[in-house]
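Engineer: These are the residues of each chain, in order.
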Amino acid sequence: MSLFQYEYMQLALVSALIIGLTAPALGIYLVQRRLALIGDGIGHVALTGVGAGLLFQTSPVIMAVIAATIGAVVIELIRERGRTSGDLALALLFYGGIAGGVVLVGLSDSTSSNLNAYLFGALSTASRADVATIAVLGAAVLIAMLGLRPALFAVCHDEEYARVSGLPVRALNLLLAVTTAITVTIAMRAVGVLLISALMVVPVATAQQVTRGFRSTMAAAMALGLFAGGAGIWMAALADTAPGASVVVLAIASFVVVTLLAAAWRRVRRARPQPAPAPEPHEVVLGGS
Amino acid sequence: MTPDVITVTHGVVGYDGRPVLRDVSLTVTAGEVVAVLGANGSGKSTLIRAILGLVPLSAGTVTLFGRPVRRFRQWHRVGYVPQRLGAGSGVPATVAEVVAAGRLARRGILRPPGRTDREAVAEALHAVGLADRAKDPVSTLSGGQQQRTLIARALAGRPELLILDEPTAGVDAASQEAFAGALRDFTVGGGTVLLVAHELGPLRPVIGRAIVVHQGFVAHDGAVPEPAGHHAAPDHDHVHPHGPEEPAGLWSAR
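Same order as they appear, the protein sequences are chains U and D. Residue numbering for the first sequence follows my numbering, beginning at 1 and increasing consecutively. Residue numbering for the second sequence follows my numbering, beginning at 1001 and increasing consecutively.
Treat the hints as calculated values from the structure; they're not laboratory data. Predicted, not measured: the structure shown is a model, and the values here were computed from it.
Pulled a few chain D residues facing chain U out of the computed Cβ check, cut under 10 angstroms:
1) Leu1054
2) Val1091
3) Ala1101
4) Asp1136
5) Thr1140
Just so you know, even glycine gets a beta-carbon here, dropped at the ideal spot from N, CA and C.
Bound-form chain D, shown alone:
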C-alpha cells in the first residue's frame, strides 16, 4: 500500500467568522498528481494554505507525510509554489538568488551555501528553461518567467511533494509548456503533486485525479472532468480577478 502524503479530515477554515471551507476530506498518496479545481472563491486556495499550515483550521485535521501539520518539521520534503512573487519592486534580486532560497529548507539557516546547493539551483533553473536568465533581475522577467522562477525555487530543494497555487494562471503558452515538462519530469522521478488550477490546459495529460471544490465542500473526487461551457473554448481568455488580497502586515514582504 502506498503511504499517504496528504490527508485532510473534516477540515473547516473560516476567515473572521465567515466559513470558507465547510467540511473537506481528501487523501493524496505517494506518486499521485492531483488537481484541485473550482471557481474563484470556492476555497481551493484556502485548502492548500490550510494543508501547508499557513491558515489555521477551526476544526478537523491535516497531516503531511503522516504527521499533523502543526508538528510537521521535515519541510525539505515539501516544495511550495505560491501564486505570484511578492510585488518585488524593493531591492533587486537575481533569478538565481530567488531560486537559492529553495535550498534553505534542506540546508538550515546557519550553514553557508556549498557546491551541492549551487548544483541544485543550476539544475532547477535548467528544468524550467531559465538557465540563461540566472543572473538577470527577477523584475525584468515576464509574468510566466517569474512563475517558472518560483517553480525552480521549489524544485531546488529536491522535494518529494510539490504544492502549487494556480501555477498556470495568466501564464504564456511557452511557460505553460515548460512548466508541464518540468512537472512530468518531477512525477517520473516519483514525486507527488497537488496543484490548484482554474483550467488545466497543457497540464491535462499529467493530472491523474481531480478534486472539485464548490462552496467549501468537495463536490467531486475522481477522474478529471471535461471542461464545459465557455471555459472549454480554445480562445477563452482566462483572466479573472483573484480574491481580495489579505491585509499586508507592517514587516511583511508584500
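So here's chain U without its partners, still in its complex pose:
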C-alpha cells in the first residue's frame, strides 16, 4: 500500500474512482437503448481529436472532447433520420476517426508511446490539472444522469411515449450524446480508447443479473464501477500491471463471479420445496410481430 504515498498514485486512484462511478451511470442508458458499443465508436472519433491536439500542440484532451462531441451529435442526427444506411455512415465515422487519429499523430512530433497512452490509458501520468478536469466533467455528467433519471429513463425506455408526454426528446437525446462524448474522453485517460465501453457496460451487465428495477440496477452498477476502479488501481500498484487493463479485468471478473453466484442461488431456491402457487389463469397466445 505504501505506493499510495506517491502523489501520482493518489491521483490515479482518484481519477479511477470518479470514472468508475460516472461511466456506469451513463452506460445504463446506453445499455437500455441497446447501444452498448456506442462508447467505443465515439472513442474512435475522439482519437482524431487527440491526434489534432498533438499535431497542433494544444491540449489533446480538449481537442478530443470537441471531436467526440461533434461525432456524437452527428451520430444522433443520423439516428434521428432512422435510415438503415445509418449503419454505413457510422462505420465511416468510426474508422475514419481512428485512421485520422493515427495519421495526425504520425504527422506530429510525438512518439508512438504517446498514442499508446490514449489507446490503452495512462493513469499514472495524469497531472493535477488532468485530475481536476476529470473531476469537474465527471461531476457534471453524474449530476445530469442522476438528476434527469426519470426523463432519461422514459426516453430510453419508450421514445414515442416520451414524445407524447411532451418531453424534449431531441434535447435529451443530444444531452445523452454529448455526455457520452465527455465520459469517453475522460475515461480515455484511465482505461484508453479501446477499453472505454467496458467500464460503461460491464458493471451494468453485472448488476442486472441480480437486480429487479432500473434504480437498483443503476445504484449497483455504480457501486461495482467504483469497486473496479479502486481495486484495479490497487492491483496495478501491487502487481505492477497496466492500470486501465486491471480495472477492466476486475470489472469482468466481478461479472463472472456474480453470474455464477446468481445461477447457484437460483438453483438452491429451485431445489427448496416451495408452497404450491395458485394456478394462474390461462394466458394469451402471442401472435405475429
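Starting from the known structure of chain U, arrange chain D on it as the hints suggest.
Structural biologist: The following block gives chain D in isolation, referenced to the frame of chain U:
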C-alpha cells in the same frame, strides 16, 4: 355544446409515397368513447399516430383540445397507450418505475417525484389490478399484465383524453375485464376515449360510437356495427400478424 377534443379534417398520411390515410375527417367531443375499427392495414393505427403527432400529415389538419397538434403543448391532458411495450430485455425496470413515467407530462423533467406522484402511481396500479406487482420486473409479467401496466402509465398522468392502440389485442380474458373496468371508471369521471380495436369483446358496452376505417377512408361513423362472419364466433382466436415494424433507429428504445 360540448367542446371538441379531437378533430381531423381531410387528413392524408403516406409512408414513402404510399398513401395510408387518403381522406379522413372525424370529430370526438368531450366525454365520448369512440372505437376506431378496421382490418389490418386499413390505416387505423396510422390514424391515431397522426392524431398524436407521431407521423406527419401530408395534407389536412389535426387538432387536440382546439389546438393544431403541431403547436399543442398540454400533453398532460393526453394519456397514450401504445400497442406493446418495447422489446424491453435491456435493463430491468419495475412495474412502478414504468408507470411513474406517466407522471412526467404533468411534473416536467426537472422536478423530482413527490408525494402526489407516488399516490397517482399507486392509484393507477390499483385501477388496473396490478397493485401487488408494483415491485416486480415488467419482464416477468404476462402479455396482458404488461398491457395493463401501459394503461396504468397513461392513467397515472390523470389525463382527460385516453388514446389506446389495440389495447386488447392478444390479451387474456382476466386482463380484458380489468381493462374494461378501468375504462368504465375513467369515463364515469368524465374522460374522453379514442381506441383502436380489432374486436371489442368485453369493451362493447362501454363504446358509444364506432368509426370504421377501410383502405384509408372512413367507411362508417355511427353506431357500433354488429360483428359479422367468423369474427363473431365466440371461439374465434384472434391472432394476426401486425403491420411491418418500422425501422428501428440507432438510438431508439426498441
